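When you get a sec, could you build the whole thing from the sequences and use the hints?
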Amino acid sequence: MDDLSEGQENRWRGIGLSEAVALRSASQKKIEQRQLELLRLHLRHALATPYYRKRLKEIVVEEAVDLRSLLASLPLTPRADLERYAEDFTRKEGCPIHDIALTSGTTGTPLVIPYSAGDLQRLAFNEAVAYYSAGVRPSSRVLLTVTLDRCFIAGLAYYSGVTFLGAAAIRSGPGNLARQWQLIEILKPDTLVGVPSFLLELGRYGAARMDVGKSSIKTIITIGEPARMPDFRLTPAGAELAATWQARIHSSYGSTELEGAFAECCAGQGGHVHPEMMIAEIVDEKGNVLPAGEPGEVVVTPLGVEGFPLVRFKTGDVARVYNSPCECGWNTSRLGPIEGRLAQRLKCKGTTLYPESIFHVLQEIDAVCCAYVEVRSQTEGADEVKVVVGSDLADLDKKAVEAALQARLRVVPEVVVQDTASVTAVMRGDGGRKPRKFFDYR
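As numbered in our numbering, residues 1 to 442 make up the sequence shown, in order.
Simulated from the structure, these hints should not be mistaken for laboratory data. In this text the structure is predicted, and so the values were computed from the model without any measurement. Idealized CB from N, CA, C, for every residue including glycine. Please note that a few of the clues may not be correct.
[Unchecked claim] No more than 20 Å apart at the CA atoms, straight line, and that leaves these computed lysine to any residue pairs for SDA-like:
(1) 188 x 209
(2) 434 x 104
(3) 386 x 328
(4) 286 x 102
(5) 437 x 380
(6) 349 x 268
(7) 398 x 360
(8) 434 x 188
(9) 437 x 426
(10) 92 x 50
(11) 57 x 69
[Said to hold, decoys possible] Across the chosen pairs, the derived CB separations fall in these ranges:
(12) 10 x 294: 33 to 39 Å
(13) 138 x 393: 44 to 50 Å
(14) 177 x 80: 20 to 26 Å
Here you go:
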């Protein structure tokens, strides 16, 4: 494998990046056979927790002859159970905890997720493979504009992935635009990791002072917010990000509960499912597995987790899985862009939509600086949807915003225009790690 010396590779459970790439280039049959072995081991970890000891007691793990039949015999794990019985998902014995992370809490009370030493090594391996697929190499320098504090696991994951790969991490954290550019000019990182909205702000700050496209940044890995639409085109924000920085955009998706992430390769056709660490399925509202390319709820089994093992976890996110070979040469499944959250699905004037589709439209309007959505119940199962837009222009035409929404969504929710500071204050009002963009009063 180019740019890696096999003797110097870091390894997770005896697996180095050379072996990881070889598995991803293998046949689908070989990949699934390996996953079957790993799933059996993972279920033994899960059976050591109170929750799965009850749920899986009737399952005979060794009788399954293939991956799909074993998966079909396993129950789905609803998010509600995770919130209600969180303690019962933790292994109580034989698994010392080395790090404690918290979920963001944007959909409810933050969950406590314990990580063992093996889980932290697994996390680093996951991100190292993701970096490699995006073209990052041991010779790279990676500027991390994400935080490692406040029990936030993503920052730790991206940092440990850089060091596992053997590249150089520059831990700048978020904020302070002038300082970020000082680091770029002095240390010349080639890769930038951060939330799209912040990286856009950073790019605009630089563009007012220099030619951003001539900076050292060639690769951008986005986290926390979508950068692609369901058809794999960049979102308006993602397209502006690519144009401003003159860099390749690689979108990623993950969560604290999954203890890992799906990240795009240079083909930009979905986040690769790492076969040693993840099994991804798409199910309908009745829990039936859907074929490739069909939208439904993302269900993930994070293989190899020790401290907080989950089995067929229903994420609540809507996306599609693709199984065709990727242009990059890997044969692993890919998870398409997140299209919405089931809990945030709206029924507005007879049309079903997700808040994310509203935000995609608003990103195309230059005068819109920020926005959030409020929803309340109406009669007969309909929703009253209000879009609150923040702008620095006192004369932003509300009708122009409504026309843009009508053209793309075929429906016009109520639109309210306020100054940016007022809207930002509401979005940041709960003091959470992320600004709230969706307020559900149903």
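Evaluation of the provided hints:
Our distance criterion of 20 Å between C-alpha atoms is met by residue 188 and residue 209, whose separation comes to about 17 Å. With a C-alpha separation of about 7 Å, the suggested pair residue 434 and residue 104 falls inside the 20 Å cut-off, and the hint holds. For the proposed pair residue 386 and residue 328, the alpha carbon gap of about 42 Å is over 20 Å, so the pair is violated. With a C-alpha separation of about 30 Å, the suggested pair residue 286 and residue 102 falls outside the 20 Å cut-off, and the hint is violated.
As the CA atoms of residue 437 and residue 380 are separated by approximately 26 Å, the hinted pair breaks the 20 Å bound. For the hint pairing residue 349 with residue 268, the CA-to-CA distance comes to about 34 Å; that exceeds 20 Å, so the pair is violated. With a CA separation close to 17 Å, the supplied pair residue 398 and residue 360 stays within the 20 Å bound. A C-alpha spacing of about 28 Å is found between residue 434 and residue 188, which places the hinted pair above 20 Å, so the restraint is violated.
Taking the CA atoms of residue 437 and residue 426, the gap is near 9 Å; set against the 20 Å cutoff, the hint holds. Between the alpha carbons of residue 92 and residue 50 the distance comes to roughly 9 Å, so the proposed pair stays at or under 20 Å and holds. Between residue 57 and residue 69 the alpha-carbon distance is near 17 Å, which keeps this suggested pair within the 20 Å criterion. Separation of residue 10 from residue 294 is about 38 Å and conforms to the stated range, judged on CB atoms against 33 to 39 Å.
At about 47 Å, the CB distance of residue 138 to residue 393 agrees with the hint of 44 to 50 Å. Taken as a hint, the range 20 to 26 Å is violated for the pair residue 177 and residue 80, whose Cβ atoms sit roughly 41 Å apart.
Of the numbered hints given earlier, the model fails hints 3, 4, 5, 6, 8 and 14; all others are met.
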